[in-house]
Amino acid sequence: MYKKLSLFYVLLTQALLFCACSSDSDFEEKQPAFHVVKTTADMNHTGGKGSIELDTEGVKATSNESWLKTAVNGKAVELTFEPNNSYNSRTATVTLKYADDEQTVSFIQMGIISDVDVYDHTFPYTGGEKSFLWKTDQPFEFQGMQEWISYEVKGDSIVFNIEGISELDSGRKCEINIKSGKYYTKTITFTQTEAPLSYHMLLGNYTLEYKKWKGTAVETIDVSFVEKEKDKSFTMKGLDFDITVLYKADLPGIAIKSQRVSNDVWLAAWQGGYNGSGLWPNPKFGLASQWNNDKRNIELTMIPDGVTDSSWKDSQGNPVVVHAFILWTDKGEYQAKKTSRLVDLKFIKKAK
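All letters in the sequence shown, in the order written, are residues -20 to -1, 1 to 332 by mature numbering (1 follows the signal peptide of the UniProt record, and there is no 0).
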């Protein structure tokens, strides 16, 4: 699971002794009493072994640090490195003495290796995986993990895998407390978003609640949304005329605009008792939906879409915002078999 790194640095210093000759121009170099033939060290922060091979027996070896133990065995000095439980590297020097000759060999032991970088992340409703840097051989634990999250350490990475959810389910979150070694602790949040309210979810049969004037009784009628232009619009059936309903992914939900439904009949935007009785047979005006955020029991309440008419003022002097629809002709209100007035609309989708 882990990749251990071993790094050591050996510094060999040989003391050279010089003596002056009787001649002004001649110097004689004194030969060392012993030589270091080879130095090895197989260790990391967890400890390890090593040796210094010499060409002479009887050499004495001492370490200036308690974590590096020495033992002379013939022409070799056996080394034992104790664990380094720090994140910092450390250095020890072995002094070798024989006769009047002295040499030193230094060793650097690396500290704990821990390079971890896990952070907040958002996953789609379909699930998926995300990799993070995980370069450590320290023991670790995760607290708060939920069953829809799993992980696997791969080399210098940790890969989290998130299970998908149904497009009808709500999103979810999980806070995870990560501990690695003695010093690293962090709380991260994984978020899984829910599926959007898609076009195909809105197709189907609805109960339409409406009033004929603000403050009157709620009435109902059965309607349906069938595909008109995929991912763009529906045809609403069930009233005296087919009505075009726009799909609005950004809401998410629907919008209904004032529109001509026959050669001489308009579904006209209307005040419907809200601070006036004006009407607007103009496709600029209409209503937008407020969704109840429940994809299993969809409700779409129609509200003003924010488009105003600055040339008209309500009773408080504000630009008019439309609230309803009325079927209208050049001769006045259309005499519908079902209803010509649609105030305070709410669409409630029926179970299949």
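None of these hints come from the bench; they were simulated from the model. Please note: incorrect hints may appear among the correct ones.
The calculated lysine-lysine pairs, modelled on DSBU-like cross-linking and capped at a C-alpha distance of 35 angstroms, are [claimed, not checked]:
1. K208 - K275
2. K166 - K192
3. K153 - K217
4. K166 - K153
5. K159 - K134
6. K77 - K110
7. K18 - K29
8. K153 - K332
9. K191 - K212
10. K191 - K153
11. K212 - K293
12. K194 - K318
13. K237 - K275
14. K237 - K166
15. K275 - K191
16. K192 - K330
17. K49 - K228
18. K159 - K192
19. K330 - K228
20. K330 - K208
21. K210 - K317
22. K275 - K330
23. K29 - K49
24. K162 - K237
25. K55 - K40
26. K264 - K191
Hint check results:
| no. | hint | in the structure |
| --- | --- | --- |
| 1 | K208 - K275 | holds (21 angstroms) |
| 2 | K166 - K192 | violated (59 angstroms) |
| 3 | K153 - K217 | violated (40 angstroms) |
| 4 | K166 - K153 | holds (16 angstroms) |
| 5 | K159 - K134 | holds (18 angstroms) |
| 6 | K77 - K110 | violated (57 angstroms) |
| 7 | K18 - K29 | holds (14 angstroms) |
| 8 | K153 - K332 | holds (30 angstroms) |
| 9 | K191 - K212 | holds (28 angstroms) |
| 10 | K191 - K153 | violated (41 angstroms) |
| 11 | K212 - K293 | holds (33 angstroms) |
| 12 | K194 - K318 | holds (18 angstroms) |
| 13 | K237 - K275 | holds (24 angstroms) |
| 14 | K237 - K166 | violated (51 angstroms) |
| 15 | K275 - K191 | holds (25 angstroms) |
| 16 | K192 - K330 | holds (23 angstroms) |
| 17 | K49 - K228 | violated (75 angstroms) |
| 18 | K159 - K192 | violated (63 angstroms) |
| 19 | K330 - K228 | holds (20 angstroms) |
| 20 | K330 - K208 | holds (20 angstroms) |
| 21 | K210 - K317 | holds (30 angstroms) |
| 22 | K275 - K330 | holds (12 angstroms) |
| 23 | K29 - K49 | holds (10 angstroms) |
| 24 | K162 - K237 | violated (63 angstroms) |
| 25 | K55 - K40 | holds (10 angstroms) |
| 26 | K264 - K191 | holds (23 angstroms) |
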